[in-house]
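Asks: Following the hints, put chain B in place on chain A, whose structure we already have.
So the sequence lines, in the order shown, correspond to chains A and B.
Under numbering that gives the first Met the number 0, the residues of the first sequence are numbered 0 to 118, in order.
Under numbering that gives the first Met the number 0, the residues of the second sequence are numbered 0 to 283, in order.
Keep in mind that a hint or two might mislead.
Facing chain A, from chain B, some residues (calculated, C-beta under 10 Å) [to be verified]:
id: 1; residue: Ala-73
id: 2; residue: Cys-76
id: 3; residue: Arg-77
id: 4; residue: Val-83
id: 5; residue: Ala-103
id: 6; residue: Val-104
Chain A residues, not near chain B, derived (Cβ > 10 Å throughout) [unchecked claim]:
id: 7; residue: Glu-12
id: 8; residue: Val-44
id: 9; residue: Ala-46
id: 10; residue: Thr-93
Coverage of chain A stretches by chain B, computed from C-beta distances (three or more under 8 Å per stretch; other residues unrestricted) [stated by the list, open to error]:
id: 11; stretch: 28-36
id: 12; stretch: 51-64
id: 13; stretch: 71-78
These are computed hints drawn from the structure, not numbers from a lab.
Beta carbons are placed, not taken as given, at the ideal position from N, Cα and C, and that holds for glycine.
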Amino acid sequence: MKIAVTSTGKDLESPMDPRFGRAAYILIVDTDTLAVEVLDNAENVNAFKGAGIQAATMINDKKAEVLLTGYCGPNAFKALEAARIKVGGDVSGTVRQAVAAFSDGNVKLVCEPNAEGHW
Amino acid sequence: MIISIASGKGGTGKTTVATNLAVSVDGPVQLLDCDVEEPNAHLFIRPSIRETKTVTTPVPEIDLEKCNQCKKCAEICRFRAIAVLGDTVLTFPELCHSCGGCMAVCPEGAITEKGRELGVLEAGAMNGVSFVHGRLRVGEAMSPPLIRAVRDRTWADGLTLIDAPPGTSCPVIAAMKDTDFVLLVTEPTPFGLHDLQLAVEAVKILDIPMGLMINRADVGDDHVRDYARAEGLPILMEIPFDRQIAESYSRGDMFALAFPEWKARFREMIEKIETMTGKGAGAQ
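In isolation and in its complexed conformation, chain A is listed as follows:
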């Protein structure tokens, strides 16, 4: 299964980025092989608005089934929900730790946004 993890760096040892839409990188990790595809999110980091929507579109296009991140706002959540991507919120540590926690069933999936929208 492919899962998306918000990250401050490009590999599994990087600390996670708590933000979703404006994360530095989003890593698409294969939970079976731990193969990593790096998505550079630089364009979204400085987006005026809609960063979460764009990031959701991006990971949907990469066929991720789950997102592990820190905070997820209302618009991003709505987009992820429409794409049927499950969201593990309030996750921290390195990307490798997050993936392991998810594989062990230790990540709680959230069913509503856990951050306010931005204006």
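Replies: This is chain B only, laid out in the frame that chain A set:
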């Protein structure tokens, strides 16, 4: 002639100047309060409102039966108000700036427009001043279309005064754009000067003639005057930090009506602006 009254910094006296100007001039005058997030000119003019109209802005509606998920609409939208996710298309109406781009590029004709409510426009009059303002719906962030709806009421003849919102962002540009003159109200303080400089740079880009009105002119320092001299900006009028004027304001009165000498000064300022723009008050 259309004069917009702007400031950069909030609380410098835009509404005081706009309302007092409106009651000082002879001949037909119209006041458009374009500070739709917190309109307050009506508290002074106290118009009898004769018309109330809901203002909407067009946002896209997607027909999923016709949509083939080509993503052209999502790609053209710089505000990311449309997302194509698998076989679903989501719209985020509060992010939409109503440009119509998505409808124009959709090869399937799957997009139509529907109205999203932004607020109300109210129009009325009092003592020869024609009055229009907008009230943005509470919680709404998209004010420029409502400002444009208020400005659509600009009449063909006579003097139009526009009370602009503070700042230098989209709502202010919507209020100042295509006016004949921008009157910048400032105060001689470091904050006043800082935000005045931002406003002056914005007006320069719009290429509109401008002049300054210094309010509470006897407080603060001389940096605003030094800046005006260096920029070649005319100081058209000064209002002191005066107790009688402040009391009149806090009662919701216009001091130009209470003190004839001030009415005369406001008229002189209009004459100076007419000379600078080469337009009479009645010309458009």
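Asks: A separate judgement is required for each hint: does it hold in the structure or not?
Replies: Hint check results:
1. Ala-73: holds (7 Å)
2. Cys-76: Holds, because the Cβ-Cβ distance from B:Cys-76 to chain A comes to roughly 8 Å (cut-off 10 Å).
3. Arg-77: holds (8 Å)
4. Val-83: holds (7 Å)
5. Ala-103: Violated, about 20 Å.
6. Val-104: violated (17 Å)
7. Glu-12: Since the minimum Cβ distance to chain B is about 31 Å, A:Glu-12 lies beyond 10 Å and the statement holds.
8. Val-44: Its Cβ never comes within 10 Å of chain B, the nearest being 14 Å, so this holds.
9. Ala-46: violated (7 Å)
10. Thr-93: Fine: 29 Å to the nearest Cβ keeps A:Thr-93 off the interface.
11. 28-36: violated (count 0)
12. 51-64: holds (count 5)
13. 71-78: holds (count 3)
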